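Chemist: Can you build the whole structure from these sequences, using the hints too?
Be aware that the sequence shown starts at 0, since it is given in numbering that gives the first Met the number 0, and climbs by one per residue.
To be clear, the hints were calculated from the coordinates, so they are not data collected in a lab.
Some hints here could point you the wrong way.
[To be verified] For lysine to aspartate or glutamate, the following EDC-like pairs were computed, each having C-alpha atoms within a straight-line distance of at most 16 Å:
#	residue 1	residue 2
1	LYS144	ASP168
2	LYS144	ASP108
3	LYS144	ASP176
4	LYS144	GLU121
[Stated by the list, open to error] Ranges of calculated distance between the beta carbons of each label pair, as one might list FRET restraints:
#	residue 1	residue 2	range
5	GLU121	ASN157	11 to 21 Å
6	ALA117	GLN5	33 to 43 Å
7	GLU181	GLY66	13 to 23 Å
Since we're looking at a predicted model, the values are computed, not measured.
Just so it is clear, CB atoms sit at the ideal spot from N, CA and C, and this is done for glycine as well.
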Amino acid sequence: MKATQQQIHRKALARLRMARDRIARADYASAIAFLRSALRQLEKDPGSSFDRALCYIELARCHNLQGDHEMAVTYAQWAKNLLRREWNSALALADANLELGTALVRLGDLQSAQRHLASAYETVSARGAWAKAGACLENIGLLAKQQEQIVRAINALNAAKRMYRQVEDVAGVLRTDHHLRELIPKE
Numbered sequence: 000m001k002a003t004q005q006q007i008h009r010k011a012l013a014r015l016r017m018a019r020d021r022i023a024r025a026d027y028a029s030a031i032a033f034l035r036s037a038l039r040q041l042e043k044d045p046g047s048s049f050d051r052a053l054c055y056i057e058l059a060r061c062h063n064l065q066g067d068h069e070m071a072v073t074y075a076q077w078a079k080n081l082l083r084r085e086w087n088s089a090l091a092l093a094d095a096n097l098e099l100g101t102a103l104v105r106l107g108d109l110q111s112a113q114r115h116l117a118s119a120y121e122t123v124s125a126r127g128a129w130a131k132a133g134a135c136l137e138n139i140g141l142l143a144k145q146q147e148q149i150v151r152a153i154n155a156l157n158a159a160k161r162m163y164r165q166v167e168d169v170a171g172v173l174r175t176d177h178h179l180r181e182l183i184p185k186e
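Modeler: Here it is as structure tokens:
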């Protein structure tokens with residue numbers, strides 16, 4: 000990689016980091032702008048398909064969080080297509096599957112969502128990525144709830160809650176508590 004290409008690549012990765020910071024702050028419009036800027040830079044470098052896939056995953060995450068699940072599906076699929084050609088990209092592919100499964104649950108394509116979420120869960124749990132495993136289980140619980148499989152939903156949400164506690168994700172614990180309260184009738 001030439002020196003100018005390296006600089007361009009570093010700037011694009013800095014934009015990706017800034018976008019992730021904006022996502023954490025729930026400033027999705029700014030995050031999307033940073034991601035699109037990073038993608039414009041990365042498209043000039045043919046060897047940047049892994050980093051472009053990371054940008055697409057973050058775009059899918061932004062759109063999922065904003066409720067635009069159809070767009071999230073598109074970006075997650077683009078990421079998966081890029082990652083299929085990359086060596087040692089299992090965790091990034093799991094991220095893409097998580098975002099794709101999340102969007103598909105919201106869109107009602109439950110069978111496809113199940114397949115993508117299960118694949119993501121297998122990968123992240125095998126690698127000890129407990130926060131991601133919790134997110135997979137939470138979405139599996141929501142999927143089971145839509146399928147009216149209440150016991151399965153409760154089990155998945157309880158497992159997600161344990162994962163979130165393990166990594167001290169208070170927001171995840173509160174979210175799963177809320178979902179569980181919706182499932183368990185008050186006596």
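Chemist: Need the status of pair LYS144, ASP168: alpha-carbon distance at most 16 Å?
Modeler: violated (22 Å)
Chemist: Take a quick look at whether LYS144 and GLU121 sit within 16 Å of each other, Cα to Cα.
Modeler: violated (21 Å)
Chemist: Using the Cβ atoms, figure out if GLU121 sits within 11 to 21 Å of ASN157.
Modeler: Holds - the Cβ-Cβ distance for GLU121 and ASN157, about 19 Å, lies within 11 to 21 Å.
Chemist: Look at the Cβ atoms of GLU181 and GLY66 and judge whether their distance stays inside 13 to 23 Å.
Modeler: Holds - the Cβ-Cβ distance for GLU181 and GLY66, about 19 Å, lies within 13 to 23 Å.
Chemist: Between ALA117 and GLN5, is the Cβ distance one that fits in 33 to 43 Å?
Modeler: Holds, at about 39 Å.
Chemist: Quickly compare the C-alpha distance for LYS144 and ASP108 to 16 Å and report which way the hint goes.
Modeler: holds (14 Å)
Chemist: Has the given pair, LYS144 with ASP176, been kept, meaning a C-alpha gap of at most 16 Å?
Modeler: Cα-Cα ~14 Å, so holds.
Checked against the numbered hints listed earlier, the structure breaks hints 1, 4; every other hint is satisfied.
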